Amino acid sequence: MSEIIYLTDVAVITCVVNKEYSEAVLVAARDMGARGAIVHSAQGWGIRERLGALGVAVETERDVIEFLVSSDQQDLVFEAIFQAAGLDAPGRGFMYISPVDRAATYVPEAVRKQLNANPE
Amino acid sequence: MNTTPDSAPRVSDFPACKVIYCILPDDGTDKRLLVELRKRHGVLRAGSATRRGVGALADARTKRGKLPEPQMVRLLFATCSEDQVDEIFDFIFWSAHIDKPGRGAIWQQTVTGGTPYELPADVPDEQTIS
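First to last, the protein sequences are chains F and Z. Taking the numbering used here, the leading residue of the first sequence gets 25, the next gets one more, and so forth. Taking the numbering used here, the leading residue of the second sequence gets 2, the next gets one more, and so forth.
In case anyone wonders, no lab produced these hints; they're calculated from the structure. Misleading hints may appear alongside valid ones.
[Unchecked claim] If we take Cβ atoms under 10 Å as the criterion, some of the chain F residues that face chain Z in the derived model are:
#1 64
#2 65
#3 122
#4 123
#5 124
[Stated by the list, open to error] List time: in silico DMTMM-like cross-link candidates among lysine to aspartate or glutamate, alpha-carbon distance up to 20 Å:
#6 Z:67 <-> F:90
#7 Z:101 <-> F:27
#8 F:137 <-> Z:100
If you're wondering where the values come from, they're calculated on a predicted model, not measured in any experiment. The beta-carbon is built from N, C-alpha and C at its ideal position, and this holds for glycine as well.
Using the sequences and the hints given, assemble the complete structure.
Structure (structure tokens):
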């Protein structure tokens with residue numbers, strides 16, 4: 025059993041976006057180096073009632089997409105997602121970044137050796 | 002809930018705690034871990050939910066510019082106190098074999114307050130497959 029390599033300087037970006045923009049968000053984040061994402065469906069509730077015409081509520085099916093990214097990447101990924109999803113348009117969605125104390129995952133042997141040789 | 006102004010709970014009554022999140026394959030590991038977390042560590046503020054996982058490592062089997070097919074994964078979450086968190090983080094890491102490729106990831110976040118949770122006395126234990 026080897027040691028756990030704790031990854032610090034990590035953040036979670038959570039993006040709540042209309043389903044039709046999910047793929048664009050995922051592609052944009054991947055192109056900026058995000059290593060993966062988890063996605064689930066959600067239904068919006070609340071102010072949407074005021075957005076539809078003649079009392080018909082606007083589409084509320086959303087995807088919630090979460091990315092675990094390094095702090096170095098977080099601004100790049102955040103801005104890429106913002107552009108890809110057009111989050112400056114009303115009703116399109118929103119996102120936020122939350123800090124992570126530490127993370128851990130599989131670290132390939134080559135990277136592990138490199139870290140041991142050069143811990144800085 | 003019947004509370005008077007003096008007895009009403011306040012946010013400051015609930016101390017800061019840690020939440021551990023863990024992405025796991027959808028193979029029953031989450032259920033096994035939830036049982037272990039309760040029995041070994043007394044963690045009751047925990048659960049798991051289905052997510053669609055999109056992993057960059059799956060790109061090798063994907064056409065250029067296309068996203069890989071998402072896989073069903075489980076997101077396990079466990080809330081615990083600050084003095085428990087190191088032990089539980091390591092326990093989940095090793096029990097779920099997260100050091101192996103394709104076994105997911107684990108991370109820990111701080112929350113500024115969390116309510117306690119207890120199960121009713123008459124709730125039976127979950128059925129486990131032997």
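Each hint tested on the structure:
1. 64: This interface hint holds because 5 Å falls under the 10 Å limit.
2. 65: holds, 9 Å
3. 122: holds, 6 Å
4. 123: holds, 7 Å
5. 124: Hint holds; residue 124 (chain F) Cβ to chain Z Cβ min 5 Å, cut 10 Å.
6. Z:67 <-> F:90: holds, 19 Å
7. Z:101 <-> F:27: Holds, at about 13 Å.
8. F:137 <-> Z:100: holds, 15 Å
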